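Given the coordinates of chain A, assemble chains B and C onto it according to the supplied hints.
Protein chains in written order, with numbering that gives the first Met the number 0: chain A, 0 to 221; chain B, 0 to 303; chain C, 0 to 234.
Treat the hints as calculated values from the structure; they're not laboratory data. There's no promise every hint is true.
[What the hints assert, rightly or not] To give an idea of the chain A side of the interface with chain B (calculated C-beta under 7 angstroms), a few residues:
1) Gly87
2) Leu88
3) Glu90
4) Gly169
Model, not experiment: these values are computed from the prediction. All residues carry an ideal CB built from backbone N, CA and C; glycine is no exception.
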Amino acid sequence: MPTGLFLTSDPWINWGWLSSHVPLFEDALQQHLTLTAIAILGGLVLSLPLGVAAHRWGALRNPVLAVSEIFYTIPSIALFSLLIPYTGLTEVTAEIGLIGYTVLILVRNVMVGLEAVPPDVIDAANGMGYRPLARLMRIELPLALPAIIAGIRIATVTTIGLVTITALIGLGGLGQLILRGFIENFHTPLVVATVLSIALALVADLTLAGAQRLAVPWARNT
Amino acid sequence: MNLKLNSWRLLVALTALTVLAACGGTTTPSTSKGTLTVAGFNFPESSVLADIYGQALAHDGYTINYKLLLGTRPIVVTAIKAGQVDVYPGYAASELEYFNKGAGEATSDPAATTAKLNTYLQPVGLVALTPAAAVDANAFAVPQAIAAKYHLTKLSDITPAIAGQLTFGAGPECPTYKFCLPGLTSVYGLHFKAVKTLDTDGSLTRAAFKNGSIQIGLVFTTDADLKALGLVVLDDDKHMTAADNVLPIIRSAAASDEVKTVLNNIDAKLTTADLISMVDQVANQHMDASAVATAWLQKNNYSS
Amino acid sequence: MEFLGSIWRWFSDPTHWSGADGIPQRLVEHVQLSAESVAIGALIALPIGIALGHYGRFGDLAINISNVGRALPSFGILVIAFQVFGLGDFPIVLSLTALAIPPMLTNSYVALREVDPDVKDAARGMGYRELTQVLRVELPLAVPLLMAGVRTSAVQVVATATLAALISGGGFGRYIIDGLAQQDPIKGFAGALLVGLLAVATELSLARLERVLVPRGIRLLKAPAMQRTATFKTA
Numbered sequence: 000m001p002t003g004l005f006l007t008s009d010p011w012i013n014w015g016w017l018s019s020h021v022p023l024f025e026d027a028l029q030q031h032l033t034l035t036a037i038a039i040l041g042g043l044v045l046s047l048p049l050g051v052a053a054h055r056w057g058a059l060r061n062p063v064l065a066v067s068e069i070f071y072t073i074p075s076i077a078l079f080s081l082l083i084p085y086t087g088l089t090e091v092t093a094e095i096g097l098i099g100y101t102v103l104i105l106v107r108n109v110m111v112g113l114e115a116v117p118p119d120v121i122d123a124a125n126g127m128g129y130r131p132l133a134r135l136m137r138i139e140l141p142l143a144l145p146a147i148i149a150g151i152r153i154a155t156v157t158t159i160g161l162v163t164i165t166a167l168i169g170l171g172g173l174g175q176l177i178l179r180g181f182i183e184n185f186h187t188p189l190v191v192a193t194v195l196s197i198a199l200a201l202v203a204d205l206t207l208a209g210a211q212r213l214a215v216p217w218a219r220n221t
Numbered sequence: 000m001n002l003k004l005n006s007w008r009l010l011v012a013l014t015a016l017t018v019l020a021a022c023g024g025t026t027t028p029s030t031s032k033g034t035l036t037v038a039g040f041n042f043p044e045s046s047v048l049a050d051i052y053g054q055a056l057a058h059d060g061y062t063i064n065y066k067l068l069l070g071t072r073p074i075v076v077t078a079i080k081a082g083q084v085d086v087y088p089g090y091a092a093s094e095l096e097y098f099n100k101g102a103g104e105a106t107s108d109p110a111a112t113t114a115k116l117n118t119y120l121q122p123v124g125l126v127a128l129t130p131a132a133a134v135d136a137n138a139f140a141v142p143q144a145i146a147a148k149y150h151l152t153k154l155s156d157i158t159p160a161i162a163g164q165l166t167f168g169a170g171p172e173c174p175t176y177k178f179c180l181p182g183l184t185s186v187y188g189l190h191f192k193a194v195k196t197l198d199t200d201g202s203l204t205r206a207a208f209k210n211g212s213i214q215i216g217l218v219f220t221t222d223a224d225l226k227a228l229g230l231v232v233l234d235d236d237k238h239m240t241a242a243d244n245v246l247p248i249i250r251s252a253a254a255s256d257e258v259k260t261v262l263n264n265i266d267a268k269l270t271t272a273d274l275i276s277m278v279d280q281v282a283n284q285h286m287d288a289s290a291v292a293t294a295w296l297q298k299n300n301y302s303s
Numbered sequence: 000m001e002f003l004g005s006i007w008r009w010f011s012d013p014t015h016w017s018g019a020d021g022i023p024q025r026l027v028e029h030v031q032l033s034a035e036s037v038a039i040g041a042l043i044a045l046p047i048g049i050a051l052g053h054y055g056r057f058g059d060l061a062i063n064i065s066n067v068g069r070a071l072p073s074f075g076i077l078v079i080a081f082q083v084f085g086l087g088d089f090p091i092v093l094s095l096t097a098l099a100i101p102p103m104l105t106n107s108y109v110a111l112r113e114v115d116p117d118v119k120d121a122a123r124g125m126g127y128r129e130l131t132q133v134l135r136v137e138l139p140l141a142v143p144l145l146m147a148g149v150r151t152s153a154v155q156v157v158a159t160a161t162l163a164a165l166i167s168g169g170g171f172g173r174y175i176i177d178g179l180a181q182q183d184p185i186k187g188f189a190g191a192l193l194v195g196l197l198a199v200a201t202e203l204s205l206a207r208l209e210r211v212l213v214p215r216g217i218r219l220l221k222a223p224a225m226q227r228t229a230t231f232k233t234a
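Okay, chain A solo, but in the shape it has when bound (with noise of 0.2 angstroms):
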């Protein structure tokens, strides 16, 4: 006989099954935040370059905003649709969709953030002798920084939302849960999934405004 709860009610979240499950939600949370993780990190490798390029050539900046409104709009699940003839129902599908997301937020706040650089700072650097990409690296992008993170932050927030649809590609961390508890009409795993969800992007989203404080104690709170 199989051990387990027998519900025959179905309270919104029936705390003895939830107590009994928490290794399913941590499996869920692990998966989560690494399919977060590698989105946020790719999202910043590919971000910085492409945002220093956009200021630095200010052709580029235009085109560059109105390709990523463009995608932007682009419900995710449609790009992973599309995807997966290519690359399947993988990690990489997800991650594609979700790095492209997190480009397209950070991007337009490494431009900000370096176009906030006071002239007269540029000025002073260049005449003390920094080269460009040293004056980049050790005054620009440190400046920029407030708007980098403030950009990390929503970006975070962002993609911890959208992995939860990757749950309709097999993936889906905390999704995972949701899509279960929809299937099986079982309203626990679909209703402390979406609050977990809710809270580590909440947590999260403290944890960078702390970071953001600590980084640039000279700037103005956001």
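Same frame as chain A, now just chains B and C:
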């Protein structure tokens, strides 16, 4: 205090933390016979079957990854053809009519149907193993009230006039399945008033029956909750559906003799009654598919 | 370019332009769901944001509500709404409205905060009473940033409405979800294209509305990018 340096240090530290938090993957034990990915369709019975196959293989020494509730047959087949999935629990006749693009070759003979299926699977690097006695076929249910109103006991009782007053509900894959809308049209000549896209015998379908937005819908023959929901299955008297016996569809490359033996042994013992009770436990009693699968394996002498 | 040929064929197929699953019907459904959600969201978010911005209260909450909005997993919200309210448009509009509110609330708050305090002083000095001051002085100045919030919201609602198909909703999401379920990439692409076009159309028509609403003589204000909600993606 060098603020710039601190900022970079902080960013690096944050990055490292994130990576550490996310990393924690498992490594394949060195004694494993290999890794297999078992997928299931987007309904509870498939989760149970996938768990049964997977746990049996795991017990035999394989490392199993699961992709449960992966999606509809088109999605799962895409995945197995591309090698992202190694095994899934299929249904003989439905698989045949999917791979032969609805040619209508499935019969009520599971062995013949499977043999025919394998002629289509072989060119795409797949193979179907021995079908079980357990059957789960598509069925079409109406609420009691509708059955009484139109005197319906079997599908051929639905005249064109009646069909024109009924809204039909099923999942998004239904318009492409031989044993769904196309079959109802070709075998029974049914053209419904409207078709509502819901889910594969899930909560959307049941909700639609309940609020009256559909009067006839797709269910499965292993559903145990139909009577309680006031639904009555109409008899498929013209035999539109065929031998939908459970059987593993597996990539030929993964189909070693050992794997085949394990899976065929399961099919030898799997009955329709088993399916009905297991689906009831997962879909209606919210038990874990994996727990239900373990119980079946233990009862049928394959401990896990 | 076989793919493009298939897309062209899909769009030239007359059966795709008629009936319950035809483009016109799906367009109507999608616009209806989106418009209702944004309208109701605006009715809730704008007065609150405007009031908070005018009085300068609860600023942290108003600014961070967008973050909370971004944190909502639209898939989970839609399914919970279905399990609570059942089938139909109500759970869909409810979920989309919840997602529409945050950007509009944040932007209207910031928009009112950005109004030059000297202008507010002058208005008060001229004898404007509270409500009139808001309506006739502050709001016109706040329109650009406020409308930016409405635009952001509307575009994201149009995109997120595609998920409504998961709980049997209509709209262009039907093509995307059905295309995935049937593994018909042509249908899926057509759906994505249609949603994209609708999103662009939404953006453009709201931009035109903004031009109509901004009083002559007031140039488009450019708000600090960090406080303005320009990036909001829920699907």
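For each hint, the structure was consulted:
{"no.": "1", "hint": "Gly87", "in the structure": "holds, 5 angstroms"}
{"no.": "2", "hint": "Leu88", "in the structure": "holds, 5 angstroms"}
{"no.": "3", "hint": "Glu90", "in the structure": "violated, 10 angstroms"}
{"no.": "4", "hint": "Gly169", "in the structure": "holds, 5 angstroms"}
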